[in-house]
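> Starting from two chains that each stand alone, build the complex the way the hints lay out.
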Amino acid sequence: MHLTPSGLAVPGPSRRTLLRGVGGAAALGAGVPLLSACGGSGSSAGDSKTVTLGSNASDAVPKKAFAEIYAAFKKQSGITVDVNTKDHNTFQEQINTYLQGTPDDVFHWFAGYRMQFFAEKGLANPIDDVWDKIGGNFPEAMKKLSQGADGKFYFVPLYTYPWALFYRKSVFAEKGYEVPTTWDQLIALCKQMEKDKLVPIAFGDKDAWPAMGTFDQLNFRTNGYDFHVELMAGKASWTDAKVRKVFDLWAELLPYHQEGAVGRTWQDAAQTLASKKAGMYLLGTFVGQQFTNKDDLDDLDFFAFPEIDPAYGQDTVEAPTDGFMMSKSPKNKAGAVKLMEFLGTPEAEQIYLKADPNVVAASTKADISSYTPMQKKAYEMISGAKTLTQFMDRDSRPDFTSTVMQPALQKFIRDPKGIDSLLSSIERQKKTIFAS
Amino acid sequence: MTTTPTESPEAATPPPGSGPAAKTAKAAKVPRGHRRLLTRRDRLTLGLMAGLPTILHVALVWVTAFASIALAFTTWDGIGFDSIKWVGFDNFKELFTNNPQFWPAVEHNIIWFVALILIPTPLGLFLAVQLDKQIRFSRVYQTAFFLPVVMSLAVIGFVWQLIYNPDTGLINSLIGANEPGHYIDWIGDPDLNLWAILIAASWRHAGYMMILYLAGLKGVDPSLREASALDGANEWQTFKNVIFPTLRPTNTVVLVVTIIEALRAFDLVFVFNKGAEGTELLSILVTNNIIGESSRIGYGSAIAVVLLVISLVVIIPYLIATFRKERRA
Numbered sequence: 143m144h145l146t147p148s149g150l151a152v153p154g155p156s157r158r159t160l161l162r163g164v165g166g167a168a169a170l171g172a173g174v175p176l177l178s179a180c181g182g183s184g185s186s187a188g189d190s191k192t193v194t195l196g197s198n199a200s201d202a203v204p205k206k207a208f209a210e211i212y213a214a215f216k217k218q219s220g221i222t223v224d225v226n227t228k229d230h231n232t233f234q235e236q237i238n239t240y241l242q243g244t245p246d247d248v249f250h251w252f253a254g255y256r257m258q259f260f261a262e263k264g265l266a267n268p269i270d271d272v273w274d275k276i277g278g279n280f281p282e283a284m285k286k287l288s289q290g291a292d293g294k295f296y297f298v299p300l301y302t303y304p305w306a307l308f309y310r311k312s313v314f315a316e317k318g319y320e321v322p323t324t325w326d327q328l329i330a331l332c333k334q335m336e337k338d339k340l341v342p343i344a345f346g347d348k349d350a351w352p353a354m355g356t357f358d359q360l361n362f363r364t365n366g367y368d369f370h371v372e373l374m375a376g377k378a379s380w381t382d383a384k385v386r387k388v389f390d391l392w393a394e395l396l397p398y399h400q401e402g403a404v405g406r407t408w409q410d411a412a413q414t415l416a417s418k419k420a421g422m423y424l425l426g427t428f429v430g431q432q433f434t435n436k437d438d439l440d441d442l443d444f445f446a447f448p449e450i451d452p453a454y455g456q457d458t459v460e461a462p463t464d465g466f467m468m469s470k471s472p473k474n475k476a477g478a479v480k481l482m483e484f485l486g487t488p489e490a491e492q493i494y495l496k497a498d499p500n501v502v503a504a505s506t507k508a509d510i511s512s513y514t515p516m517q518k519k520a521y522e523m524i525s526g527a528k529t530l531t532q533f534m535d536r537d538s539r540p541d542f543t544s545t546v547m548q549p550a551l552q553k554f555i556r557d558p559k560g561i562d563s564l565l566s567s568i569e570r571q572k573k574t575i576f577a578s
Numbered sequence: 021m022t023t024t025p026t027e028s029p030e031a032a033t034p035p036p037g038s039g040p041a042a043k044t045a046k047a048a049k050v051p052r053g054h055r056r057l058l059t060r061r062d063r064l065t066l067g068l069m070a071g072l073p074t075i076l077h078v079a080l081v082w083v084t085a086f087a088s089i090a091l092a093f094t095t096w097d098g099i100g101f102d103s104i105k106w107v108g109f110d111n112f113k114e115l116f117t118n119n120p121q122f123w124p125a126v127e128h129n130i131i132w133f134v135a136l137i138l139i140p141t142p143l144g145l146f147l148a149v150q151l152d153k154q155i156r157f158s159r160v161y162q163t164a165f166f167l168p169v170v171m172s173l174a175v176i177g178f179v180w181q182l183i184y185n186p187d188t189g190l191i192n193s194l195i196g197a198n199e200p201g202h203y204i205d206w207i208g209d210p211d212l213n214l215w216a217i218l219i220a221a222s223w224r225h226a227g228y229m230m231i232l233y234l235a236g237l238k239g240v241d242p243s244l245r246e247a248s249a250l251d252g253a254n255e256w257q258t259f260k261n262v263i264f265p266t267l268r269p270t271n272t273v274v275l276v277v278t279i280i281e282a283l284r285a286f287d288l289v290f291v292f293n294k295g296a297e298g299t300e301l302l303s304i305l306v307t308n309n310i311i312g313e314s315s316r317i318g319y320g321s322a323i324a325v326v327l328l329v330i331s332l333v334v335i336i337p338y339l340i341a342t343f344r345k346e347r348r349a
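So the protein lines, in turn, are chains B and W.
If you're matching positions, the first sequence starts at 143 in this note's numbering and goes up one per residue.
If you're matching positions, the second sequence starts at 21 in this note's numbering and goes up one per residue.
To be clear, the hints were calculated from the coordinates, so they are not data collected in a lab.
Errors might be hidden in some of the hints.
Computed footprint of chain B on chain W; a stretch qualifies when at least three of its residues, placed anywhere within it, have a C-beta under 8 Å from a C-beta of chain B [said to hold, decoys possible]:
(1) 91 to 103
(2) 113 to 119
(3) 180 to 188
(4) 207 to 216
Ranges of calculated distance between the beta carbons of each label pair, as one might list FRET restraints [to be verified]:
(5) W:D211 <-> B:D390: 19 to 27 Å
(6) B:K337 <-> W:V276: 56 to 64 Å
(7) B:P499 <-> W:D211: 39 to 47 Å
(8) B:Q327 <-> W:H202: 28 to 36 Å
From the three backbone atoms N, C-alpha and C, an ideal C-beta is built for every residue, glycine too.
In isolation and in its complexed conformation, chain W is listed as follows (with noise of 0.2 Å):
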């Protein structure tokens, strides 16, 4: 949707000269030459194309944003505008020193990117490599890798429930912990639940990077890897000095999605304790306080405020440093 009309303006206003094809046709149907190249219609045609996304996307983005920001400084249970309170910073100072929540969410959210980062990235890489070596069976396996992603994270969420649950889940009874006097609460514990939703998350992350690699490591060209070869390199020496350089697009690629991933980490959760204590995201957070019918909808936005000042700090370097590259190209 959002290409079409970004790119039909081009197409409609060919340069003078853009192919012969394209000058008979345009002298067949436009006899009037290049005087005008765009009708009445095409101009209508063009402002509906470039006017409705516009105002799709400043309603849907950017009204919405400010409209957040602004709430984040007001107290609103969402019955009626009139019942919206001004109160300045309240909302912030209330988030950062009274509740419980918020600090163990925001480490919460870091932990959940480095060990994306840490664990399922190199998995992913590694298991990319290994089928881009044209082994037998490799679609089978990539697409028994890339199963998960496709999955919904509610799906997800819930098959990882059955391996976790204290009393009937998978692990617990192999290991005969679903005893009393022996109990290990993979969902409640906040020393482990963590980690047990990481191992779900990392599961279907490994997948996913594994693709982007994959994607990347068949974009290498083969005479560099035979120049290497030549060169006498082993394999470990060829994939560190030869072909993980020329992976750097992918691995920008993989981190903006490793960080987006990490900030929006939500479902997976949600379905697995609800964001109880040990597990509490600041997605989460902000859904308790404004979905629902707890309807703290200031207090659920400052928080929302947060997680995007969060994702513009990651974000905004990284835009800088593309931007400057691009105009050095």
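Bound-form chain B, shown alone (with noise of 0.2 Å):
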């Protein structure tokens, strides 16, 4: 600090210097985030030979693969994609506002209700005209999950993976296991794989969602597609005795699932089943990404979750699907829809499945000839069910899974007795929850 009388002149920085640095330095702090605002298609506004996209692919795999979509498509069509690229945890986070600021012609999201939370609030643009061209490539069951409440679609579907129980080819080959396909199959199995000195079913649950995973399963096997669908959209009550059965079953299987399942995470989860030590583990197709050895990765295998009540036998898959949305007011909205049309395609598909292997195609006429076995079967899988579900934090509210249920599930992994109390702490939460 220079302490001197007014209007002496001293070497260094002086109090006008200092206060245009002050200045200057506000100046910068107002102008970051108008900056950030604008980030990605500020540069590009109404130019017609450009579609801006916010992307939530950071990592370098799906990173490259959609970069080489977007190569595909300008050499087509000659209109530039301008990727935003955000943190993919940071781009879920910050949805909410970055929908209702000024988002890219284009963005990343997820099927189901989470697309239909945005088209119902009116940040999202109708695609209807998008459909009439790419409907044909797509099942029925991908229709449904891109279509909003009011019956227009706002979502173009790009790849999926189910959700089953793995297993190592190897070992169920050594001890003689059969695949169970029943509930009592599967409790047999467990047993026996117990005696063997196998932890039967690998579980954890640090990151608070896998356990939403088992529940899901658990539920539209007892209990069928459409119940489901109520509860998570908050309509069957969470006291209903059909949800008391569910955790009735869950606590039934919990003694066979990895002990001190709420402090692992589901990677490390995933290295026991890599090193032969469980016998199973629920989870989606990318827990190959934990497979880094190239026999291992082929020696695993997969399995519907068994029947657990005949009336719906294994008919429900659970198959998160990522694809895309196109925002309220997109700058440049014919070359968005261009862009939308060409990501409908099965070549889009198929450039992207090149680079990831965990995942299949969302279109039924993509390619599969170069799919690897497990590719096949989750295709096989997802085209042969009757309905297909997301995950529950995405064909749920958001707020309510990740403050109530989350918690929830914890605790009765943990506590498998307190089931009572627990589910009527759920029902009144999201009572709150769902009248807002």
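Written as structure tokens, this is what we have:
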């Protein structure tokens, strides 16, 4: 600090230059949010040869795969895709503010309730015209996933992947295990694995979402797709005897799960399957990312969660689907429509799949000849499904799943006895959240 | 930044006769004498210097605080201002009666404070007293103990995760508790995880307290020690009756710092297990409800208001005591 009387010239920064600095810093501070708000879209406003796209594909592999799709699109249409990539989780967390600000013309998002929510809030553009062209590429279940509550289309799916029970073929062959197709067989297999000193079902719920996958499987196998949807939409009651039955079944299966699940990440749990210490693992096909050894990955296989109620069999598959939506007022609508049409073609999907072998194309027209055996199986499972679900946090309100269900399920996993009070607590909290 | 504008007005208007150097400089530069001490430009400068920080302060502290209090009585999903709905005390009712995580969170914040006061603070004082004895390699020890304070809490959380990981962590591997049937789940078990994190937090806090006390001890007059030594007091008696009482100002700082640390505890836990059962904290509940897709902004604000009230309950008596002392002085 230069404590000099007014007007005295001193070497070094004077008060005024200091002030200028302060002013400059303040101006900069005010400018930063403006700059970030324009991010990626400001430079190309109104340019008919450019479409802006907000991407959550921050990992190297998908990022490169998407870049190849956009390069192919440019070759075909002459329109440049200006990609604005954000960290995957940040993108998801900021989606509300992002869509209300100046979003890019097209953005990455998920199918199902999470898409319908923004459609209903008027933050997305209906794209029925796109679907007139690409409709033939997709099966009925995918069409249903792409529609808002008003029946209009808002979403173009790109890829999908199933949740299932994963196991190692060599372990099953060596011990003579059979793939279980009913609940009793599953329990019997778990008992046998325990005798053979294996952890029957690997489990890690530190991230709080994997348990939601287990609940989904148990619920739609026990009570069917329709009840599952009603429950997720907040219409059915969590104190219903049907829900209680799901938790009773879960409590029966829980002792065969890996201990200490709440402190374990899904990656660590996957390692127990990879190292043949665990027999099975209920997860999405992305579990393959943890099998870094090629031989181990080839040894990995999966089967659909066994039947619980014969009335529903195994007809529902949990297949989270990722794709694209158009923001409410795109700067280059014609270009955005063209891009969405391209993204809905089998070509675009195949470019993506080449880079990420853990997922399958959402379109039934995509060429499956280059699929790995696991991709083929996943493809058959999804295309053979009568109904598709997304995942609890995509099928229900994210505020409900993240603030109520995640802690509740962690509590249940640790202490399955207090289920009645837990369910009535969930129901009470659900009522307030869904009422707002 | 903040000291600049508050101190400069004094600098700009030196009282008459504030030293010969200032006088001659003024005489040379401002020939009209002291009729106009401030030029228009100076006034503008001053206005900006006082105004800008005021605007920033009001906008960033008061407006946001009051907005948050107002939002606590509404429900809002963060999309468009017209979706804000007034709900009165519903958020608080819901919070106090229906939220299974709220009371544990309050409890954990209190435990956090008590634990920090009881364990790392005396430990920090002990370390400071030892290091104050001019032992060899004092600087090395100081650096070692202070290092955790310099590191980001997120990094600390990550490091301790490697120690507590139930399958591959250091502790369980050493004591063989990573086999089925022997599991000790340091991160997930609600009877253990809070204490596990508190050890990590204490490890860091002790270094912080050590530096504060070390600075306090450097300020203790050596003649006091000499006098008590002459009176025949042993080391413990000297510390208890002479040194510790002179550390009173440091103790106040330590208390305030510890309260702040306990109330703002967040990052370590968030990295450790995202505030799962057993480690819920108010700050984490606020984040979970407001940030992210959940966007229960009204409800989250209600939790933030509770946190604010707790902070005020702690801080106001302290401020009153401080001001009273200043007035007396």
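> A separate judgement is required for each hint: does it hold in the structure or not?
The hints, checked one at a time:
A count of 5 residues in the segment 91 to 103 of chain W with a Cβ less than 8 Å from any Cβ of chain B is obtained; the coverage claim is therefore met, three being the minimum. Coverage of the segment 113 to 119 of chain W by chain B holds [criterion: at least 3 residues with CB-CB distance below 8 Å; count 3]. With a cut-off of 8 Å between beta carbons, the segment 180 to 188 of chain W has 5 residues touching chain B; three or more are needed, and the interface restraint holds. With 5 residues having a Cβ less than 8 Å from any Cβ of chain B, the segment 207 to 216 of chain W passes the three-residue criterion, so the hint holds.
For the hinted restraint 19 to 27 Å between W:D211 and B:D390, the CB-CB distance of approximately 26 Å keeps it satisfied. At about 60 Å, the CB distance of B:K337 to W:V276 agrees with the hint of 56 to 64 Å. At roughly 43 Å, the beta carbons of B:P499 and W:D211 sit within the given window of 39 to 47 Å. For B:Q327 and W:H202, the hinted distance range of 28 to 36 Å is satisfied, since their beta carbons lie about 30 Å from each other.
The structure agrees with every numbered hint stated previously.
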